[in-house]
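Undergrad: Given chain C, put chain S in place with the hints provided.
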Amino acid sequence: MPDICMYFQVHQPMRLRKFAIFGHNEEAWHERYFDAAKNRQIMEKVAEKCYRPTNRLLLELIDKYNGAFRVSFSLTGVFMEQCREYAPDVLESFAELYKTGSVEFLSETYYHSLASLFADKQEFAEQVKMHAKSLRDAGIEPSRVFRNTEALYSNEIGRLIESMGYEAAISEGWDHYLGWRSPNFVYRAKGEEGKRNLKLLLRNYKLSDDLSYRFSARWWPEYPLTADKYASWLAAAQGQCVNLFMDYETFGEHQWADTGIFEFLRHMPGEVLKHKNLEFSLPSEVVGKHAPADEVDIPHALTWADMERDTSAWLGNDMQRECFRMLENAAEQVKASGDDAAQHAWRLLQNSDHLYYLCTKSLADGDVHKYFSPYQNPYDGFINFMNILQDFREKIGRSA
Amino acid sequence: MPGANTTLSYVNEIARLTRGSWLNYADRRKMRVAMLGWEFPPFASGGLGVHCYELTRKLAEMGVQIDFYMPRCRERPRSLHPNLRIIEVDATTVNPYSGAKTQQLRETYGWSLFDAVASYNRLAVECVLAEIEKGAYYNVVHNHDWLTVAAAGELKMRQGLPLVFTVHSTEYDRASVPWDRLLSVERQGIAQADRVITVSNRMRERLMQMGAPDWKVRVIYNAVNGELYDKYDAWREKNRKIVLFLGRMVEQKGPMQFLYAAKKVSGRVPEARFVMAGTGDMLPQLISKSIELGLQDKVIFTGYLSEDEQRKAYAGSDVYVMPSVSEPFGITALEAMASGTPLIISKSSGVGEIVKNVLQVDFWDVDELSAKLIALLKYPALRREMSKEELKEVRKFTWSTTAAKTLEVYKEVAR
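Residue numbers (my numbering), protein chains in the order written: chain C, 1 to 400; chain S, 1 to 415.
Do not take every clue at face value.
[Stated by the list, open to error] In silico lysine-lysine, DSSO-like type, Cα no more than 30 angstroms apart, as pairs: (1) S/K30 <-> C/K361; (2) S/K392 <-> C/K395; (3) C/K18 <-> S/K30; (4) S/K312 <-> C/K370; (5) S/K263 <-> C/K370; (6) C/K38 <-> S/K378; (7) C/K361 <-> S/K405; (8) S/K241 <-> C/K361; (9) S/K347 <-> C/K361; (10) S/K216 <-> C/K361; (11) C/K335 <-> C/K129; (12) S/K263 <-> C/K18; (13) C/K18 <-> S/K264; (14) S/K378 <-> C/K361; (15) C/K370 <-> S/K231; (16) C/K38 <-> S/K356; (17) C/K361 <-> S/K388; (18) S/K347 <-> C/K38; (19) C/K335 <-> S/K378; (20) C/K370 <-> S/K396; (21) C/K18 <-> S/K241; (22) S/K356 <-> C/K18; (23) S/K231 <-> C/K361; (24) S/K312 <-> S/K264; (25) C/K370 <-> S/K378; (26) S/K241 <-> C/K395; (27) C/K18 <-> S/K347; (28) S/K356 <-> C/K361; (29) C/K18 <-> S/K378.
[What the hints assert, rightly or not] Some, not all, of what chain C presents toward chain S, calculated at C-beta under 7 angstroms: (30) F22; (31) N317; (32) D318; (33) E322; (34) Y379; (35) F382.
Since the hints were made in silico from the structure, they are not lab data. Small disclaimer: the values here were computed from a predicted structure and weren't measured. All residues carry an ideal CB built from backbone N, CA and C; glycine is no exception.
Excised from the complex, chain C in its bound form (with noise of 0.2 angstroms):
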């Protein structure tokens, strides 16, 4: 009888300014950087499209089926802070949802950074303790589920998440880690001799990506994807859990409300009601209620991103790892000049977002990235971010 676990990411980057080389200006560090009148604007408009209607309806749906439906999510702190600053109604919605106790809110990073990579771990661990803490804010107790960065995992993160005392982490289902084994099964973590206690769950990349990303495409056969039929594939997979993965953003930003998404999610949980073998579960419960059935060996980065289920979506080219270093190389300076907002601004620019855009993967994955890109291409991108970085790497120079 597999559990489906349906968990929901929920991030929205703050996006750069386009900084500008000849002004002068001697703006805080805030300002210079970072676009305060897009971020609000786009927050507006997704929580409009998305956040608002999509809650309402989880509500009422959890309401309806009296906690037989459950969803997960994991909300980042940068999406919490720009909400508490552009639509505070959306963050009480989320508080609300969790007060039904059907939902469940998992840990991750605050800056929704790919600080895992640092040498340093320091960083990445102060990193999610002020995602806890931004998450109890709200009046949310975060999960013992570790979900990383764009389900960024390796074996060694592994053992750094399970030292911080975390149960489970959320990662890819990917062939190439899993071999013949099934995603629909809870996992174990790769450790000494049986030492590891630390529990996975794998993404069903085929069901949840039928979702999120096949929902409205023509071109597939299945088109168009009612809730019975989708029901029915859940209904026909064997093992302990389907874990569905995918970005909140699906309902109604991603997939617009014209493709029917909203009406499918309001069916969806009848339908796969009815059926008696599946019921829905949060990721706590799922690693509770099941022993794991093997170890799995995961000795490189994984990830949920591209085709490639690895790190080169942001560290794929010489542009993405020169970023990438000099963000990690002004740790010490940062830390050197005990100034906040320099803090803060430095950690919001470890966004793993501004890597993202300067991808230059040119087969149907650039085509993903430059949907999610404000540039018009990943060198524009790269001029950007860089020139921020110079600029922040000068002043820091400067104050310290």
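TA: Relative to chain C, chain S alone:
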């Protein structure tokens, strides 16, 4: 025997209709083109010459038979394929596209440029008719730019030959004050043609403003023969902080914006050098401007460069800039890409519609151009990545594709 007689006269009639050649009659499915051109390497000064050279070569390889008519010049062009005959028309050596000369001609001789063009057109018609008389059969006449419009029209009228007209540029793209008389020739060329080929969507729109109906216009992009540039990879020794401008020194190409950007960039990257390659009527003005801006040690004027020197210049530069005010296509952008040189191009260019791995700016935005130049000069990672990706991308733009699409257009109208 009256019957036999009738048969014989019928056969004679067919022979006459097929220009006396049974072979032609049997082989009519083969595409035969009379192409009217103006320039052809080694005697070429711009995109038109490169286009004709590469196009005819690829068409010939695809089995199309081409008679390429062009003015006789000092250096003899050479056919590279048995399907391509180059027929030189004794007319003139005037080259209306080599900037300084044009201006000079306009000022000194007034309408004599038109006389030269008119005489070429007259003689070209005679040449084509003489070839037809000798037994040549053409399915279509293909002419390039305004220079050959008159001859093409005459051939259509006298022989009923279908016309394909390629517009590489219009008078609007070449002159800041367009010449009415040339515009009217171009309008006539569009009107008389059965199909008009042009090199970008922005040109398609322009032609439609000039009266071309939508159904008549086909956009076929130019390309680049990458092999010609691969040989120069030894010259790709980078990080010399050299920025290159290569083109005619005329307002349409934006050399003045380039100088102003050079000034701004020098303030941030003092070791940068700016090479301005090419000639044109603005050259004296640009030289004095560079001195006025205090750039005499930073800007290098090379004058005219041969093909070989051009390729070395591309390969040896860190950045290529094409700041054109108006660029129907912009083959130099593809040439720079084939050289692995990162480039910044004007948004007002046809090539910008198809290339991805380039930076684009508004031609008037000197600040933005300068900022991008500074970034390219300061950040080696950016240059490496652009170079790598553009070399991959440029392989997509082949003359075989251009030729295949051109052949499709021939088939639409061929008799």
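Undergrad: Any of the earlier hints contradicted here, and which numbers?
TA: Of the numbered hints given earlier, those the structure breaks are 1, 2, 3, 4, 5, 10 and 15, listed in rising order.
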